[in-house]
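Colleague: Sequence:
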Amino acid sequence: MTFNPLRERGIPLDDQLRTWRELAVMPIDPDESDPYTRCRIITMNGLETEAIFFSHNMARHCPDVEMKQQLARVRYIESQQQKAVNWLLPGLASVLETTIAYEQVAVDLTSWVARMEPDPYLRQAYEFGVLEDFDHLYRYANLYEMIEHRRAEKIVDGLTEVMPGRPTYLQHRHPVDNVRQNYDRTVASPISKLHALTIMSTEQQTMNFYMNVGPLYMEPIARQLYQEIGMIEEEHVTHYESLVDPGETWWEMLLNHEYNECYLYHSFMETESDPRIKAIWELHLNMELEHLGLAAEAFKRFDGRDPEQVLAPELPVPVTFEPNKAYLRELLATQIDYTTIGTGYVQEAHERFEAMQRAVLDDEKPASEVVIAENAMKSGHEYRLETEGPHPVQSLRTNRPT
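Here full-length UniProt numbering is used: the first residue of the sequence shown is 1, the next is one more, and so on.
Some hints here could point you the wrong way.
As the list claims (entries may be wrong) - List of simulated lysine-lysine pairs, BS3-like, C-alpha gap at most 30 Å:
#, residue 1, residue 2
1, K278, K83
2, K154, K83
3, K325, K278
4, K378, K365
5, K154, K378
6, K68, K83
Simulated from the structure, these hints should not be mistaken for laboratory data.
Hey, can you work out the whole structure from these sequences and the hints?
Modeller: Printed below as a string of structure tokens:
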């Protein structure tokens, strides 16, 4: 059945305010819940966080007091939604366990988006980035085994493999080479706009998370690894945000944000395995339908256009968390040696890339390499979870037990 959020009625804004009791959600059980339920929670927290940040930024550039007030009203509800969503994460989970879940989101969500993306250039951007997050998952899993003496398969539940991707130390690129060519808003498919906004939001959330939790560790290797991967996440946010057409007006961007939230909440309502969490997705969808309606009216008023000129007439196929093992193995076999130059990609190191490598690494082994060596020394092996056979790249295979 098709679903056009522009034609649906949501909960009136005045009825969306929740009490503290209503916001005091029961967290999921990390030992019993579906790992992809946790992934959906992390994803929606990223989208709600982006919605809040965007609304604040828009308010700072909006001269109309009435519209500033409307943005503030909607933003307060978005902030309550963010609290309800993020507080579903279990307090029992350590920072590293949550980190590994964040990277599972990055791997399987970006893989799904890449598979569904109709534009070849945008698809390449997602394929390029996912091999780097795949490697981050491997590095953090080794840190987890080394300092918490536990194995990441309990977190990813065998749904996502854990093994080397594009090595993290090779991800340190010159900043100008992280800027991609944006899509053209006048011809881009509506789903392409939603994809770019979704992955930008989740990567931004990961960047912010590592900025704040990295220094909470006492172990030098943990502090250094969060610092190193945190810098890569800065590169990734630059990479993905540059895909969005800067010619979109503030009102068009607001419209896309609200439509995307409807899309993701509807997707997760359709695919959620936990009935209690599904009810939260449904509630938030009905709130977002009203937010979208308000954004659509503002778009018509200030841009003088019909929202259906820029939005899809119905929601696309639901965003789905599912294993992407074969797809990722194909990417590893064919694209692991890619880097960027300008707005394109090459398979050979170039002068600017090599100069950046020398400047950042300074002939020292980075934390992302040290953590593997130290865990192998302490645990007797490096940690991997290769459920589909040996690594597809011969040089990255190991004979050590995993």
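Colleague: Determine which of the earlier numbered hints do not hold for this structure and return their numbers in increasing order.
Modeller: Going through the list in order, the structure violates no hint and respects every one.
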